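Visitor: So the chains spell out like this:
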Amino acid sequence: MVSLSRVFRALVLALRVALGAVFVYAAWTKLRQPWQLFAMSIDAYKVLPYWAVLAVARTLPWAELAIGLLLMAGRWLRITSTAASLLMMLFLALMTKAYADGMHIDCGCFGLGDPISARTLARDGSLLAGYLFLTWTSLSGRRKAA
Amino acid sequence: MKLFALALTVLLPCLAASSDADPGKALGSPSAPIQIEVFSDFECPACKGLHEQILPLVMRDYVIPGKVFLVSREFPLQMHPYSREAACYATAAARLGKYPQVADTLFLNQVAWGANGKVWDTVAKVLTPAEASKVQLLAKDPAVLSEVQRDVDAGKAAAINQTPTMIVTHGASRFPVAGAVNYNLLRSLLDGLLK
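Sequence order for the protein chains is R and Z.
Read in order, the letters of the first sequence are residues 1 to 146 in this note's numbering.
Read in order, the letters of the second sequence are residues 1 to 195 in this note's numbering.
Careful, some of the hints might be misleading.
[Claimed, not checked] Looking from chain R toward chain Z, a few residues come up when the C-beta cut is under 10 Å (computed): (1) 34; (2) 35; (3) 41; (4) 43; (5) 57; (6) 113.
[As the list claims (entries may be wrong)] Coverage of chain Z stretches by chain R, computed from C-beta distances (three or more under 8 Å per stretch; other residues unrestricted): (7) 179-185; (8) 188-194.
These are computed hints drawn from the structure, not numbers from a lab.
No experiment lies behind these values; they were computed from the predicted model shown.
Ideal Cβ positions, reconstructed from N, Cα and C, are used throughout, including at glycine.
The shape of chain Z in the complex, shown without the other chains (with noise of 0.2 Å):
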């Protein structure tokens, strides 16, 4: 998590975008050979799991270096009665730079707020009053909304089915990778398509 973290600040200048992907979830350079991007829901056991421990890693050997650029996807289950809150107040965030924060406290805390419903006051903890008003402005913003949304039907067309699942793109081909993954074989798969 500490390295996950570094490794975010270390990013922030590099933050940039394709030609969809919002420049507040999206880590690393846009020209690396790998795009992933990882749908996910805050509220999903295993997305916790990959973002606490396989992203740190894919940060680590791959974004950093600059061989993969990394997006992040909403992709929340109609099962899980919080996660499209989450899933708004992330994206809310990102529109401030504050996407990997929030994204952290929301997996971090998740049991505790996936069973009381206290969303927000979970994304507060790591927000300024003044970002907090901003974000639980933005949060009800049509463009928020309708960006989570678009998420969600982007993972849709890609016959995504659970979560979390990551996109591999590299060139023309596209490598749907669902469910916990082994970070071994990933960097298997990684180091393969970059061969």
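Chain R extracted, bound-state conformation (with noise of 0.2 Å):
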């Protein structure tokens, strides 16, 4: 009989490679395109001066990129599933004001046109509760080890 735990440890992972590959998709959503849409993307939202859209636009997919194949493979598990968390928590808080204060902007998530909508704030609310799931995991495992 399978234990509790197996099937367990069987979802972690399974979820693990599910949320690294979102991350991947992210950034091949932005690799693949001018780094100046994404950019464009970014200073819709009016938080950002001009040098530093440039900065995040250039950088922020090869990070998305890096976490996620660190995800998927499983590598350095509590820093990557905690930098996922927090960007996820940046990109949620971030898309939140935007839709309160009004704003018909493309939230920038998976490359274009994808406008900021109640169903967008639920897909990534549901995909922060999966990667915050996923810290605990991490860190919680090493408490255990410890």
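With the hints as a guide, bring the two chains together.
Guide: Spelled out as structure tokens, the structure:
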């Protein structure tokens, strides 16, 4: 009979690979197009100065790619899952603020044509819950090991 | 605005159309390496911003030098009660070569006609009495109505969900640029494509 802990570990593994793939996909949608398009999405939030918009547009997709690949590979899980959770919290906070302010802009999450709406907020909120769960399992696993 | 009007005047002899572009709504050389289709709504404030602040710069830096072929498309949103009427008048005026003037006045007086619904009064100000009569007739012409609808359908087919949206085409690549854009970023994008 399969033990509950093995089922739990299998579910965590599946969730980790899926959530890692989400970050890889998000990075791919940005890297396959000119970086200026992502910069325009960032600029539309009106929260960063121009130089920071350029810096984020050029670096964030690569950071997303690295985090996604590391999550899928199961490397440095405590760091990567925490980084993914923090990034998702930041994205969700910015999107919620833009939505509350009545801004009709693209969320910039998965390339173009994805305007901020209740649906996108629910989607990213669900993803955040998943990343927080992964962070909790990776950190609690460390405590148990210690 | 003055620069945009001047550029339009300079380019009038160059007006040309791609296969499906209304010649009255297209500016620049159809053989330009980049085509920008602007889907906009005359009642949308962000479209006014694009028309008055960004497009004159695009005209100066890219359309006049022959690097960009600029095509205007109608995308009246249902939330704006008078925008389709405005689009029909503008498209009708394009048949007389008066699209730039009508578009300019519609955006310039957007707040007023958007509030009182007097779209025609705004349009008529930039037309001679003879032109006004023709535009009023043409605005009800099925060919004009279907041209506006074709633009809307083309926008929906391109998954446009907000105005303004520019579809930037370079070779086989098409990039939608939605909302109010920073001209520095748009310039960087266009320069990157032209390299």
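Visitor: Holds or violated: residue 34(R) as interface residue toward chain Z, Cβ cutoff 10 Å?
Guide: holds (6 Å)
Visitor: Next item in the hint list is residue 113(R). Is there a CB on chain Z closer than 10 Å to its CB?
Guide: Status holds, d = 5 Å.
Visitor: Does residue 35(R) meet its interface restraint, that is, does its C-beta lie within less than 10 Å of any C-beta in chain Z?
Guide: holds (8 Å)
Visitor: Per the CB criterion, is residue 41(R) less than 10 Å away from chain Z?
Guide: holds (9 Å)
Visitor: Cut-off 8 Å, C-beta pairs, minimum 3 residues; does the coverage of the segment 188-194 of chain Z by chain R stand?
Guide: Satisfied; 4 residues make the cut.
Visitor: Taking the closest Cβ pair, is residue 57(R) under 10 Å from chain Z?
Guide: OK, holds: residue 57(R) within 10 Å of chain Z, min 9 Å.
Visitor: Residue 43(R) was flagged as interface toward chain Z. Is the shortest Cβ-Cβ separation under 10 Å?
Guide: holds (5 Å)
Visitor: Take the segment 179-185 of chain Z, compare each residue's beta carbon with every beta carbon of chain R, and decide whether three or more fall closer than 8 Å.
Guide: holds (count 6)
Violated hints are absent here; each numbered hint is respected by the structure.
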